[in-house]
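Using the sequences and the hints, build the whole thing.
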Amino acid sequence: MKPSESPIDLKDFSKRAFEALGSVVEEWGAAGLDVLVADDLVSYFRGQDILRLSFSPLEASERDETQRVTLGSPVLEGLLHVLSNKGLLARAYLNPLHAESRNVEEKFARKFHWENAKPYLKSSSLEETGRACFQFKVSFLSDDRIERLYLISVNLTTFLEEVRLLREWDLLFFEHERRYEGVAAFCLPDVDRVSERAVVFLRKRISPELENMKAFQEKFLKRDLLRIGDYYHELFREIGRKEAKAEGDPSLLDRVRKRKTAVALDRQKKIRDAVEKYRLDVRAEIVNLLILYQPWMRCVFGFKSRSGDLERVFYWDPVLKDFSDYACEQCQIPSSTFMVRGPKFICLKCKEVKDENIRMAHAQS
Amino acid sequence: MKIPPPFPPPSFSVSPLAVSVYSNHYFKEVVAFLHEEGKKSAYYVKMRIALEKEGMVEEIYEKKLIHKEIFSPPDPEEIVSNITRRIKHFARRYKVSSDRIFFYTSDHPGEKKTRILNPPLGRLDSKVVSVIRESYDHKIEEEKMTHAFKLCEEGERLLQERRFRAALRHFRDASQIAPNFYLPPLGICEILTREEKWEDARTHLKQAKELFEKTPKISGNQRNRVNGRIEEALLRLQSNQEAKAKVSTPPTSASSSPAGSDEPFGARTDLPSSVPASFAFESLPPFLREYYQAGKFEGLDLHALRLEAERLKFLEGFDELLAPSQARIDSYEHQIRTARMVLRRMRGRALLADEVGLGKTIEAGLVLKEYVMRGMVSKVLILVVPSLVSQWRDEMAEKFDLAFVTTEEIHRFEPSALFWTTHPQVIASLSLARREPHQSSILNQEYDLVIVDEAHHLRNRETIAWKFVSQIRKKYLLLLSATPIQNDLEELYNLVTILHPGQLGTPSQFRRQFVERGSLRKPKNTETLRSLLREVMIRNTRASAKVPLPRRIARTISIELSDEERRLYHLLSEWIRGVHRQKGISRMILSLLQRQAGSSFRAVSLTLQKIAPEVDSTCRNLLFEIKKAVACLEESSKLLALERALSHTREKCLIFTEFLETQSHLDQFLREKGYEPILFHGSLTPSEKVEALRRFQNEGRILISTPSGGEGTNLEFCRTVINYDLPWNPMKIEQRIGRVHRIGQTGETLIYNFAAKETVEDYLLKILDEKLNLFELVVGEAETILGELTEEKDFEEILMDIWLEAASTEELELKIGHLGNRIVEEKEKYLQIRKCDDVLFGADYETV
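As you go down the protein sequences, you meet chains A and B in turn.
So in my numbering, spot 38 of the first sequence is number 38, and the numbers just go up one at a time.
So in my numbering, spot 380 of the second sequence is number 1380, and the numbers just go up one at a time.
For the record, the hints were derived by calculation from the structure and aren't laboratory data.
Here the structure is a predicted model, which is why all the values come from computation and not from measurement.
Don't take every hint at face value.
Below, computed lysine to aspartate or glutamate pairings styled on EDC-like, alpha-carbon distance capped at 20 Å [stated by the list, open to error]:
| no. | chain 1 | residue 1 | chain 2 | residue 2 |
| --- | --- | --- | --- | --- |
| 1 | B | K1524 | B | D1270 |
| 2 | A | K222 | B | E1161 |
| 3 | A | K222 | B | E1196 |
| 4 | A | K269 | B | E1231 |
| 5 | A | K204 | B | E1282 |
| 6 | A | K269 | B | E1699 |
| 7 | A | K219 | B | E1535 |
| 8 | A | K269 | B | D1448 |
| 9 | A | K349 | A | E177 |
| 10 | A | K118 | A | E106 |
| 11 | B | K1467 | A | D266 |
| 12 | B | K1546 | B | E1196 |
| 13 | B | K1379 | A | E276 |
| 14 | B | K1379 | A | D273 |
| 15 | A | K11 | B | E1308 |
| 16 | A | K204 | A | D192 |
| 17 | B | K1379 | A | D144 |
| 18 | A | K222 | B | D1270 |
| 19 | B | K1296 | A | D190 |
| 20 | A | K242 | B | E1308 |
| 21 | A | K258 | A | E276 |
| 22 | B | K1732 | B | E1716 |
| 23 | A | K219 | B | D1270 |
| 24 | A | K219 | B | E1436 |
| 25 | A | K86 | B | E1308 |
| 26 | A | K242 | B | D1301 |
| 27 | A | K269 | B | D1270 |
| 28 | A | K245 | B | E1333 |
| 29 | A | K222 | B | E1535 |
| 30 | A | K86 | B | D1301 |
| 31 | B | K1296 | A | E177 |
| 32 | A | K15 | B | D1301 |
| 33 | B | K1467 | A | E106 |
| 34 | A | K242 | A | D230 |
| 35 | A | K245 | B | E1232 |
| 36 | B | K1313 | A | E147 |
| 37 | B | K1689 | B | E1699 |
| 38 | B | K1313 | A | D12 |
| 39 | B | K1379 | A | D281 |
So this is what it looks like as structure tokens:
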């Protein structure tokens, strides 16, 4: 379900699609399919309930009623249209072999470091969590249009992006049923809140590509603007010379000055048009959403520090066999090294900034 | 062979032996070869030995002395030793003493020779060496200068294209090769000025000036030109530096510079540097929130399939076009390549300048359709000549499934500005659009794409039309014209400037750089001009598109009307003239009647019946007489002529007539004669039309078609066209012929034109055939030639005016003659344009 880079085999795709939609499919020849179309889909295929499809030009020529399927052909367009109304929301389960872990503190110490606190495990329990895996289609529109698919996964407990999950996506085994017991069912949070977070992560993900595209467009924009700039600059100089010659003739001078103003306005228009032409608009839309359920360990850790004793919750993920990320309580960026400052756990970068501010405040006073 | 004696004549007695050593010419080749790394070079020295005896010089020996391939420059000393060896050999042979041997150097045999010293042969070597070395060095210098000049030319071209780094490299290389050449530092100064490196720029400018002053042998004109350029470079440097300084200085007064002031305007410092970008997230898909809240999940298989379906719909740039598969056209490879080039390389702003008949409209339609399908364009304006508004609308609908409204509906909107804001896709005539109040309404809109057909109407930038189109706010722009240059090169400049202001510089820069002095049409620096044009213009020719069009052969069947027919025709014509003067019936009906008279009297009769109740009593009597005579008419001369023509051929024939009544008359007549014609007209349903064409292709021999068969249907399996009557608009005749005479037709197309003598059609045919050569032209050329003539009024109206207003046959013939002469003038202009096109674009203008 991760967007694959490999080309799609149309025959295979069509077969799976028709079958998933309740139609009966039989193969014939090397590149042919006979389809008995499900009743509710007939209208998408011009009222035909039986389709004889060919995916190769050689097969198509043999019989008159065979329809050749290619990109843009009516049958494929019909199938794509049907699918655009299906598969919007799905769920799956990740059933780990062992949901709980024994040496949690050790694993915790391997992942996280505290500069001025000592963590200890206070309690742990099994819970269910969910992940919202959004497939976004992003269209980059300028004087060209390019489309891409992005998979963004948001943990529905921590609301952090699950980057590691995506890296291991191909190794995950999705099941239709839940095989773990003894945990309360996870309650899905508000979808708008979740999608908002996903969009934030999406923007961050596409940022490098966007910058590349912007740089690419800016190259052309710069060239066009330079051309326009030079052109009007020269034009203006020529007008300036005429203006100088027209000093003694008020009506001619007036005409030349009017022309100068008109050229100035025209220049502004051309610049605006050029900028608009290369403008980059990014449009994102959700293609579909997969909710992944799994059990994980909720671990409450205590921290002894000079500020006093603090307590925080961390999650051990038995599927990824790692602790879930924890975000700095100042900048909200996941980190692995923290320090306690007041009631907050902050990352080292935030610590440096804070130190600098303190130094500057001292210096000013 | 007599050779003139050397100049100046020697004061002592002439030696019987004179040696000319021609070194300069051949050293040039040596130097040129050596510029190519790894390639072998060759050199040779030609020696001519002449005997001078009693005032006569006789050449006795000429030979390439040395000719070998080397990898390094030849050593002059080696050359000389070879020469002197031979000279000594000849001296012994002709028994000449060494003090009688003279050496000359010259660039060419026969040119003025310079006698060098003629010492005894023994001491020759060092003298000759120094001469040869001097000429060799001189040639090397010349060669270096030539090479440096070429580098500078290339640098200039790159400067024009705004490729500054590459240009700088070229100028620097040129400067290294020819340190005394003034052009490289001048070019470098211009680039450094743009980069705001003022001091360096000044240094190079000073250097250029000094080198130029030391350069010998410069003509007055060239000196003025170069001085002018140096002066300009200095002014530019100063003004840019001042502008930059002023912009960096905070303003001292509250008022900002007005648009008309010198300061920020014209400077290059207020240009934006970044591309605006926006991000928008479409709201959640319909039902997702509902399903999510209800916990309504679908299977993983559908989930995955939906994703794959999205991938199949992907748009990955313009590598793969979507439009061709959706358009209902027989597109040609050159059209698809053109569309792709406009979309990818030219980014939606281009001048499509294909030769006539290659389908510029299709190309523009493909680009438009592609943009629409990708959601990149929604607001479109197409500007055309008045006579083509409907044609464009129909083509866009029929071929590209794009619905446009035209300005024919503008009267329904009050105020008319609403029309421009309401409809996103409009086709308008340029002449209407540029007038108020429409102009203001259009200029207030923002268009995604503007297409201008027959864009040569924008050839003059002082016209309202040019200014109007230039001011329209648009993202993409397509200009279509088969003749971008009509009178002079500046017209091309004006078109390109609408697309990309500054692409060809300012007008004066353009004239200076690209137009030969004293000629409006002769280009110079053609390569540079072409390379700049290639960025904005595509021109396919029939040759490059590999689209051969078959020949067409036309025959006029001139029909002698019977006395009764002639009397009727003239009676009707006079009646029409009379009614026209009295303004009794609408001009449209009168024109219809006159045209029907040239087709068949049956068509006339039916129309007369319809209008009879509307005419006044004095005319009604005449009308009844005509009707009665028509009813009594036994045989039609035209029909008999048709029968004769058909009996002389076994080919499939496509017979065109303008009128349904004539069609039915022809059908009846031909059936009586044993033929089985198939009818094709606008009232047939689409499937009936398809069936009719199928029958004609497979079984039938004769298809009789009204104008609806002249549009869109392809009948290239047939090659004989019979124009039983003639539309008065040459473009409509072209359309008819174009159904068979088109790309895909393999054989010659035969066209038979029926016209009765002394009728309007007879005069029309004479003009079209003799003056315009309509039937020999390539499809589309007639439209181009008559374009100017029919800018305000179409051809039908012009012809009808002449017919109605002529008081006598003599006057009629005179006016028709004038019309014919105008057509000849337009045709001459067109041929001149084509000639100019060949010079500029030629066979090697790279297209797609």
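Hints versus structure:
1. K1524/B <-> D1270/B: 34 Å, violated
2. K222/A <-> E1161/B: 12 Å, holds
3. K222/A <-> E1196/B: Holds, at about 16 Å.
4. K269/A <-> E1231/B: Outside the cut-off at roughly 31 Å; violated.
5. K204/A <-> E1282/B: Holds - the C-alpha atoms of E1282/B and K204/A are around 17 Å apart, at most 20 Å.
6. K269/A <-> E1699/B: 62 Å, violated
7. K219/A <-> E1535/B: 16 Å, holds
8. K269/A <-> D1448/B: Roughly 15 Å between the alpha carbons, so the hint for K269/A and D1448/B holds.
9. K349/A <-> E177/A: Violated - the C-alpha atoms of E177/A and K349/A are around 43 Å apart, more than 20 Å.
10. K118/A <-> E106/A: Within the cut-off at roughly 13 Å; holds.
11. K1467/B <-> D266/A: OK: K1467/B and D266/A at ~10 Å, within 20 Å.
12. K1546/B <-> E1196/B: 50 Å, violated
13. K1379/B <-> E276/A: Holds: K1379/B and E276/A sit about 15 Å apart, inside 20 Å.
14. K1379/B <-> D273/A: Holds, at roughly 15 Å.
15. K11/A <-> E1308/B: 13 Å, holds
16. K204/A <-> D192/A: This hinted pair holds, its Cα atoms lying about 19 Å apart.
17. K1379/B <-> D144/A: 17 Å, holds
18. K222/A <-> D1270/B: Holds, at about 12 Å.
19. K1296/B <-> D190/A: Within the cut-off at roughly 15 Å; holds.
20. K242/A <-> E1308/B: 65 Å, violated
21. K258/A <-> E276/A: Distance ~27 Å between K258/A and E276/A Cα, so the pair is violated.
22. K1732/B <-> E1716/B: Holds, because 18 Å separates the two Cα atoms, which is no more than 20 Å.
23. K219/A <-> D1270/B: Between K219/A and D1270/B the Cα gap is close to 17 Å, so the pair holds against 20 Å.
24. K219/A <-> E1436/B: 39 Å, violated
25. K86/A <-> E1308/B: 12 Å, holds
26. K242/A <-> D1301/B: Violated. K242/A to D1301/B sits at ~75 Å, over the 20 Å cutoff.
27. K269/A <-> D1270/B: Holds, at about 14 Å.
28. K245/A <-> E1333/B: 55 Å, violated
29. K222/A <-> E1535/B: 16 Å, holds
30. K86/A <-> D1301/B: Given that 20 Å is the threshold and the Cα spacing comes to 10 Å, the pair holds.
31. K1296/B <-> E177/A: 15 Å, holds
32. K15/A <-> D1301/B: 12 Å, holds
33. K1467/B <-> E106/A: 78 Å, violated
34. K242/A <-> D230/A: 18 Å, holds
35. K245/A <-> E1232/B: 18 Å, holds
36. K1313/B <-> E147/A: 9 Å, holds
37. K1689/B <-> E1699/B: Distance ~15 Å between K1689/B and E1699/B Cα, so the pair holds.
38. K1313/B <-> D12/A: 17 Å, holds
39. K1379/B <-> D281/A: 17 Å, holds
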